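Novice: One letter stands for each residue in the lines below.
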Amino acid sequence: MSVTRYDVLATQAVLDLASRPDGFDVLELLHDLTTHAVSLVGVRSAGVTILNKTGQVDHLTASDETCLRLEEDQRELGEGPCLDSTRSGNALAPVVLHTAHPDRQRWPRFTSRALRAGITSVAAVPLRTPRQPLGALNLMSAGRVPTREDLSLAQVLADAAGVCLHHRQTLLARDKLIGQLETALESRIVIEQAKGVLASRLGLDVDEAFTRLRGHARSRQQKLTELAARIAGGAIPAELDKAP
Amino acid sequence: MPPRDQDAACGDAPPPHDDLAELLRAHLAARSTHDPDSAVAPGAARRFGLDALTLNMLAHDGHLELLWCDPAKGLGPELDNLQYTLGDGPALEAVQRGRPLIEPDLLAADPDRWPLFLAAAARTPVRAAIATPLRVGAATIGVLTGYRTTTGPLTPAQLRDLDRLSRPLLLLLHTELTTPADDTSTGLRLYRAEVHQATGFLANELGIPLGQALQRLRAHAAAHDQPLTDLARALLTRRLPPDTINPAK
Numbered sequence: 001m002s003v004t005r006y007d008v009l010a011t012q013a014v015l016d017l018a019s020r021p022d023g024f025d026v027l028e029l030l031h032d033l034t035t036h037a038v039s040l041v042g043v044r045s046a047g048v049t050i051l052n053k054t055g056q057v058d059h060l061t062a063s064d065e066t067c068l069r070l071e072e073d074q075r076e077l078g079e080g081p082c083l084d085s086t087r088s089g090n091a092l093a094p095v096v097l098h099t100a101h102p103d104r105q106r107w108p109r110f111t112s113r114a115l116r117a118g119i120t121s122v123a124a125v126p127l128r129t130p131r132q133p134l135g136a137l138n139l140m141s142a143g144r145v146p147t148r149e150d151l152s153l154a155q156v157l158a159d160a161a162g163v164c165l166h167h168r169q170t171l172l173a174r175d176k177l178i179g180q181l182e183t184a185l186e187s188r189i190v191i192e193q194a195k196g197v198l199a200s201r202l203g204l205d206v207d208e209a210f211t212r213l214r215g216h217a218r219s220r221q222q223k224l225t226e227l228a229a230r231i232a233g234g235a236i237p238a239e240l241d242k243a244p
Numbered sequence: 001m002p003p004r005d006q007d008a009a010c011g012d013a014p015p016p017h018d019d020l021a022e023l024l025r026a027h028l029a030a031r032s033t034h035d036p037d038s039a040v041a042p043g044a045a046r047r048f049g050l051d052a053l054t055l056n057m058l059a060h061d062g063h064l065e066l067l068w069c070d071p072a073k074g075l076g077p078e079l080d081n082l083q084y085t086l087g088d089g090p091a092l093e094a095v096q097r098g099r100p101l102i103e104p105d106l107l108a109a110d111p112d113r114w115p116l117f118l119a120a121a122a123r124t125p126v127r128a129a130i131a132t133p134l135r136v137g138a139a140t141i142g143v144l145t146g147y148r149t150t151t152g153p154l155t156p157a158q159l160r161d162l163d164r165l166s167r168p169l170l171l172l173l174h175t176e177l178t179t180p181a182d183d184t185s186t187g188l189r190l191y192r193a194e195v196h197q198a199t200g201f202l203a204n205e206l207g208i209p210l211g212q213a214l215q216r217l218r219a220h221a222a223a224h225d226q227p228l229t230d231l232a233r234a235l236l237t238r239r240l241p242p243d244t245i246n247p248a249k
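As you go down the protein sequences, you meet chains A and B in turn. First residue of the first sequence? That's 1 in this note's numbering, and the numbers climb one at a time after it. First residue of the second sequence? That's 1 in this note's numbering, and the numbers climb one at a time after it.
Hints in this document: simulated from the structure, not taken from any laboratory. Accuracy of the hints is not assured; some may be wrong.
So the derived list for chain A, only partly shown, Cβ under 7 angstroms to chain B, looks like this [to be verified]:
1. L15
2. L177
3. Q180
Since the structure is predicted, the reported quantities are computational estimates derived from the model, not experimental observations. The beta-carbon is built from N, C-alpha and C at its ideal position, and this holds for glycine as well.
Using the sequences provided together with the hints, build the complete structure.
Specialist: This is the structure in structure tokens:
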């Protein structure tokens with residue numbers, strides 16, 4: 001079996017989606033996913049919807065304006081292939097859209113809008129990280145219905161983007177953890193410094209200084225850390241700045 | 001994008017049957033209303049064939065903050081305070097290089113490696129040191145340091161166990177540090193609280209910035225070969241006039 005030009009393009013697309021520099025643009029990644037899907041899977045349009053935990057749309061993009069409108073329609077109507085796949089976390093095998101018997105259709109309102117836009121079948125694969133479902137990649141065809149292999153390739157492309165998003169989430173969570181730890185340590189240090197500043201200023205011992213510091217924060221419903229930071233910086237509130 | 005669980009940042013939570021993690025968790029969570037110095041039960045250092053084990057976190061200004069040690073007094077805090085005062089030593093080097101290090105014979109070590117620390121440590125019973133950075137991804141956030149009064153390397157099993165401590169320690173640090181700041185009932189605490197108090201005290205007495213006040217305290221302690229915490233206490237109890245710490249005088 002020889003390597004075809006198509007094989008090379010498909011492999012390059014996977015690599016392009018899976019490896020992005022830190023700080024990459026999420027919407028750009030998702031848009032690239034849709035364009036790779038159109039050129040490699042042979043569908044007319046592709047769209048991506050990502051929902052957050054409360055079911056609200058976080059990101060939405062598509063390979064072209066027609067498809068973008070149909071993605072937005074799904075959000076507005078609350079029905080459609082992308083939403084079904086997003087909610088179930090499973091792939092959606094191609095569904096051929098018919099004009100007849102609109103009330104017997106799976107998505108009656110979406111179907112009529114898709115047909116007006118020239119779309120005759122829809123399919124979807126889940127977009128996911130190794131830890132959680134994120135949304136779905138929607139495939140919209142005019143004419144040829146995607147094969148099982150087409151859907152497999154679409155899933156590989158979506159998973160490559162999922163790996164990239166997972167990496168981004170990990171970095172963000174790490175930054176958050178480090179930030180929380182540093183802030184917590186810093187605020188403990190600053191409270192000790194403020195005790196010393198107050199003890200010197202008011203001629204108290206450290207424990208008495210802390211009692212006054214805490215009392216002042218409580219009576220004014222201020223955060224102890226914020227008050228301490230001001231005092232450590234030399235800005236002592238007037239009401240505190242007199243001997244007891 | 002939905003936020004992820006915090007513990008995902010340092011991998012999965014420690015497995016429930018990880019006895020090392022359990023041991024440390026028990027030690028760090030141990031509470032005592034009678035004596036804050038006995039809040040941490042003894043034994044963790046011994047477990048790794050060490051005489052003292054300390055946990056420091058890296059602060060914004062590059063200093064290491066001692067937050068936990070076993071045993072709670074003695075060699076561990078003494079050696080960590082020396083490094084804090086003098087500005088060199090194994091814990092600082094491990095943090096700066098982001099790599100673990102072992103010095104199996106401190107008396108035979110190259111004197112240029114830690115010129116100040118080695119000279120001071122030679123007057124204590126310590127003979128070997130090991131330091132392992134605590135890392136989150138590429139960032140070093142602290143260091144786990146072990147000291148021994150006998151020379152020689154650690155066994156591969158001891159090294160592996162020490163390395164495996166990083167993850168549960170990170171989780172504990174996070175849990176303990178993000179509880180309210182005036183909660184004093186946890187095993188983790190600022191061992192050098194008095195030094196920070198004395199820093200604020202001196203800054204106000206002399207009308208200088210905090211960073212400069214801390215620097216003067218460290219320089220004074222180093223020059224007079226005095227433990228930094230003793231110096232801090234002498235200042236705070238007004239046994240030592242603040243002007244003494246003023247190099248201009």
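Novice: Taking the hints in turn, state whether each one holds.
Specialist: Cross-check of the supplied hints:
1. L15: With Cβ-Cβ at 23 angstroms, over 7 angstroms, it is violated.
2. L177: Holds: closest Cβ of chain B sits about 4 angstroms from A/L177, inside 7 angstroms.
3. Q180: 6 angstroms, holds
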